[in-house]
Amino acid sequence: MTAVLEAPSESRVSSQVALWRLLLRDWVATGAALVLAFVALVAAFGPMFVGDEAAQQNLLDANAEPFRLSDGWLNVLGTDALGRSVLARLIVASRTTLSVAVPAVLLSLVIGSLIGMWAGYHRGRRETVVMRIADIILSFPSLLMAVVVLYIFSPSSANLILVLAITRIPIYLRTARAESAELQSRLFVDAARTFGTRSSAIIFRHVLPIVLPTLLTVATLDFCFVMLSESSLSFLGIGIQPPSVSWGLMVAQGRTYLQTAWWLSFFPGLAIVVTTVSATILASWARLATDPAQRWRLTLPRGRRGRRAIRRAAEKALTPEVQ
Amino acid sequence: MLSPPSPRKPLLIAAVLGAALIVSGCTVANSEYVTGGGAGGLRIVLPEEPPTLEACQSSLTSTGVVLRSNITEPLVERDADTGELAPKLATAWEQTSDDTWTFTLRKGVTFTDGTPFDADAAAFTIDRAVNSDLGCEVEGYVFGDTDLDVKAVDATTLTVTTPEPDPILPLRLSFVEMVSTKTSTTEKVRVPIGTGPYEVADWQSGQRLSLEANPNYWGGRPGYQSVNYVWRAEGSVRAAMVTNGEADIATSLAPEDGAGELAVAYRNNETTALRIQADQPPLDDIRVRQAINYVVDRNTLVKTLFENLATPAGELIPEGIVGYNPDEKVWPYDPAKARELVAQAKADGVPVDTQIRLIARTGQFPRIAETIEVIQSELAKAGLNVKIQMMDTNTQLTYQIRPFPEDTGPYLLMIMHGNQAGDAAFTLDQYMLREGYQSSWGTEEFDASIRDAEELKGDERQAAFEKLWPYEQEKVVQYAYIAHMSAILARSASVSYQPDSATGDEMRLAEMSPVS
Amino acid sequence: MSTAVMSVHDLTVDIETPNGRLRAVDGVGFDAVQGETLALLGESGCGKSMTAQAIVGLLDPVASVSSGSVVLNGTDLVTASRRKRRAMAGPELAIVFQDALTALNPVYTVGTQLAEPFRIHRRMSSRAARAEAVELMRRVGIPHPESRVDAYPHQFSGGMRQRLLIAMAVALNPTVLLADEPTTALDVTVQAQIMALLKELRNEREMAVVLITHDLALVAEEADKVAVMYAGHVVETGAVAEVFSDPQHPYTKGLLESVPVHVARGSDLASIGGTPPDLASIPSGCVYQARCPLARDRCVAERPVLHQVAKGRAAACHYSEEVSR
Amino acid sequence: MTGFLRRRAITSLLPLVAVLLGVFFLARLTGDPANLYLPVSATPEQRQQFIEQNGLDDSVWAQMGDYLWGILHLDFGESLRTGESAATMALRAFPATLQLAFSTMLIAVVGAVIIGSWAAYRPNSIADRISSFLSMTAASVPDFWFAIIGVWIFAVGLGWLPTSGVTGGMASWVLPVATLVIRPLGVLTQVVRGAMVSALSAPYVRLARSKGAGDLRVVTHHALRNAAAPALTVAGDLMVGLVNGAVVVETIFGWPGIGKLMIDSILGRDFAVLQACVLLTAVSIFVLNILIDIGYALLDARVREKVSA
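Residue numbers (the working numbering), protein chains in the order written: chain X, 984 to 1306; chain H, 39 to 554; chain D, 37 to 361; chain B, 31 to 339.
Check the hints yourself; a few may be wrong.
Claimed, not checked - Below are the SDA-like pairs computed for lysine to any residue, each with C-alpha atoms no more than 20 Å apart in a straight line: (1) H/Lys220 - B/Val207; (2) H/Lys425 - X/Phe1136; (3) H/Lys425 - H/Gln328; (4) H/Lys419 - X/Phe1136.
Said to hold, decoys possible - Which residues of chain H face chain X? A partial, calculated answer using Cβ under 10 Å: (5) Leu339; (6) Val412; (7) Gln427.
In short, the hints are calculated from the structure, not lab data.
Yeah, the Cβ is synthetic: ideal placement off N, Cα and C, and Gly gets one too.
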């Protein structure tokens, strides 16, 4: 009955166009996408323009207040305890932050979900083993792991990513396992199985598309968790080593100044929050937009008044045609 | 120096957030919440809970600050301001032979468990702390592997004999806190029995420690009947507790913690410095070490990051320690000279491009991270390849104390040295001798002059020590001294107390009293 | 005897899509008569289920009734308040859904779910409602209802689940019962049992049944009247026997010719050429023009309205006389 | 069910041992603690003596043997730092953590169910957008901001609450719990909302409506229980995090919980205490996981059958 909503005749190109149009209709999601694009651009090109400024210390102009243009536009967000421009540091930090947080989240997402889906699909002993391993990682003090890495290896981005990824794997593993265990008993999986499809193919073709939206939602929320964990590791010395800088490190270092120079940790914190919230908004939008059964929600005019207005307009437009 | 938080913004936010709490029916908090102490009680908030109050561990800062001169007392006590020794449980002492000191003990003192304090108790305590297998902190800290021969001649006379003549034995013994003979000799105890003005009344591990005034104290009643210690790791919370009236004294604050007008800054004995691992190229070239000294802008650091609470340093001990050189020469800031020196070394084939690690301990002192970043930036400008590495305490200590890890490559280590003992010998043995536990390098001549100076007494000793500092700066250059540091505590207006340089190790409750 | 208990008039349903608004149901009208079964017949996508959903007020939020009325016992369901509708859902109007497995709540026992109508509308105690549930289960032919009342939906077979859905729908003796493809997922023997049960209950409780289906055979056996739907429009109505023996709309005729029983042995089985139009591209004239063998200029220019072609019969075709020939 | 519990307990035992051994070995990889516990001027002899006294010179296998032997006799060793029994220290800190964790989860779950269901009831509506936005923000704001700013406003600025501590009755719970609840509340609200959106569009909800069930009944009776499983999974993960200790809150508010104790013992290389803490939290996490499995079974008969099969 609702076949029309699934628009089976639409070609791939036009469905992409429709997706864009759908996005543009939703101003909140559009805004989120713009923010993310902006962050990505800043991370990619920003350091080229302000790289030197971010390292330029000026102890005599330390902790200058934000929102004053008298010291030039670079200091518009104030300066830090060493008189460096907070704005320039935010820009430089965006690259470090993304280059640690994104790989860490992706790594844990990919490993966790693959193992989780595999375990959930096969159930039985494999599932038990995998779940118990997740239990082990979860009940293991992640800080100890960090200290071990710090002690045996040297703190580097790669090690940082590794530590962060390992501690987050169980989250995806458990989520993926739960959903895939539920799915493996469904009819369409049975059907695929009776055709003799290999289990890996079933997992990728039938289980993954259904589990992925949930996993992506978890991942976007985890994004901020990872950014903040990275900052807490810097207290131990395993985090980003200065003079490199990340948002997490800025938040961590600025924390002691919350009362006297709030801008030191407020702006990087805001950057983390805004980025995460944008990612989450876009993820939940994408989740609706790519799910044929839920997509219609996005087309729903908001509020009763809006709906009535649209209906009236539509009636006017349609009336002559019908009669 | 300490800008108080602007009161407007929080109030505005509070007005919004507050509504929720009014609904939940919260009542107005008062100071009783935290300490539970009634009127007349003194409330002190420390950065961490004392791990133990075992008397022979009193050289641990977090133990000593509660224990020393409050619960237990030593034979002699060092005056932090003058450096002179003052009588405590011993009324007099003299060197009766080259290797023996004789102490006359105070009469009529009893421990809080009723046992009398006499020469037997003193001998028991010293044997327990120094000669036993307990592995006491004090033993390692002040006596090394020296065993003492202790004898109770009569009830009030004690002789202590050392294998080698020791001109500063009484000073060393000022670290040994006297405990009752009923104390276990086979294991450490958590709560000691002492002779001090206070005794432990209640220790709720993790929450609070309460002391009550010792009713039979030999030295008169202290200003407060009871004292409550609590601990909070966050400096701003400690400061807030005092400004909020939940505590009377808060220690170990940073300038930005927000204690406002209640903040009291005081000189402690700590001096910060970079130790240069001078056996590793390119740091084995003296020009590189000199260059490092030239680029540390001590004056600006002190003026800005340390908020004028420190003074630029040219030696490892501050004023007030025997051996301090009052004509302290501080390296000038001269980046051009530094670049030139590095360039010269490079021209002579010194591998100045080798990566040098700049190692620091997280939380070693307020604004350590900022300080390290400033220094790294300056060193890089001088043409050195310097990488910062922050470490946790245990890891950093492996780099600080011999035996050093192997194959480390060159590194600069941020150290902070506090000479609690009051005599430069403690510093020199550790930090200056070629094989000193915390020294990376030195010269034979320097070792010899240190050994010679340590044999001397009185003014000769002082004069000999004084000469060592300029010599180190000129000929050895193992260190880039940075600053003599200060500490901040918050003190409520109702308490009268003046901290001194020893307060961080030994906070004497008897010196505190209510403002009348 | 032939009292219309529910009249649907000019019912129009629109859907919001990313590409604009579509008309899924356009001016549909029919009467449900007490004790009779009316079949809404059509291919999938023709708007018959959406019509049912519009009547019971369970349209997806993207769809909305933009005009028309559904009058049941004197109340227009389209304009009635939510509260009023809720009060009528169950005692006056009930629906049997097609997919019994997903329609039953997996986490509750069937007893709890069967008892729900009694709890909501008659405010019965849980014990009394449970007794009613057992009674209902017995009535719809579930063996050992006392022991099975605490079982969960997944513990029943497909046919049993459908019986449970029917039991739930007839619990409060509704005036009108909508059955939306009630037998689609079932095998033939079970299908027959379910339809027999429905008929029995209809006669016993004197309900008007609206049977929504794409199955011509089912309509022929079970229904008294039929309304044939195509692309959101009713194209032909009338008594089943008459419509099937003498279709007045080319679509009805095409449908009948595609079913083996209606074709003389030996002749080719016909099928309707083309596919139903996309809702987004319904032509302005006759909705069936693209597939109609009789289509001519007038069909492109002018949309035929449903008009009486014989007593009790109507068709929406300009050339209905030609069809029967 | 008992069969399930027995099997579950057996399969859980092995990971428990794995965690213990893992912690045991990894902890010893972080360097011996002699430097921390001996004065900097300690001689090599004293160092050696310390190492021997604490059994750190034995092979790791011998140390592990001692440790396991000790566990069998309920002897978990002594703290290097305080000289107290490690078990005593861990057991003393754990109730404080549990109290905090339970109160936090209770508030988070109740709040998330109410807000999440309300938002899911009209997906994409203004109310949904606002609550989603707030919960996402809540889930991504650094917790120590809340803590420090909370102290600053409510304790210092307004004087309504104590800055910190545990002995101040209910008032001293407000800031720690508020700080802790923010993230779980945000995350759970999102999860509940998502699950409720799909549950509310499920056919059984339609059936319920066709029976004349009102909005409240549809949400509370029909949708919520179906949406509970994913929420339970996430709530479980969040609870695991809380049981492992809320380090920020414990540090800032001086809450004597297990998180701070664990960090202190890691930094202090106080192996015995670390092992005791990990044993305690690992056991409770396994118990928690079993409770969650039982929760699934209670929610859904289909799971129940698989469990008892």
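Here is how each hint holds up against the structure:
Straight-line distance between C-alpha atoms of H/Lys220 and B/Val207 comes to about 45 Å, which puts the hinted pair past the 20 Å bound. Taken as a hint, the H/Lys425 and X/Phe1136 pair is honoured in the structure, with Cα atoms around 16 Å apart against an allowance of 20 Å. Pair hint H/Lys425 plus H/Gln328 holds up; C-alpha atoms about 19 Å apart against a cutoff of 20 Å. A hinted pair counts as satisfied when its Cα atoms are at most 20 Å apart, and H/Lys419 with X/Phe1136 does not qualify at roughly 28 Å.
Interface restraint check: H/Leu339 against chain X, minimum CB-CB distance 8 Å, threshold 10 Å, status holds. With its C-beta approaching chain X no nearer than about 6 Å, H/Val412 sits inside the 10 Å limit, and its interface hint holds. For H/Gln427, the suggested interface contact is upheld, since its CB lies about 6 Å from the closest CB of chain X, less than 10 Å.
Of the numbered hints given earlier, the model fails hints 1, 4; all others are met.
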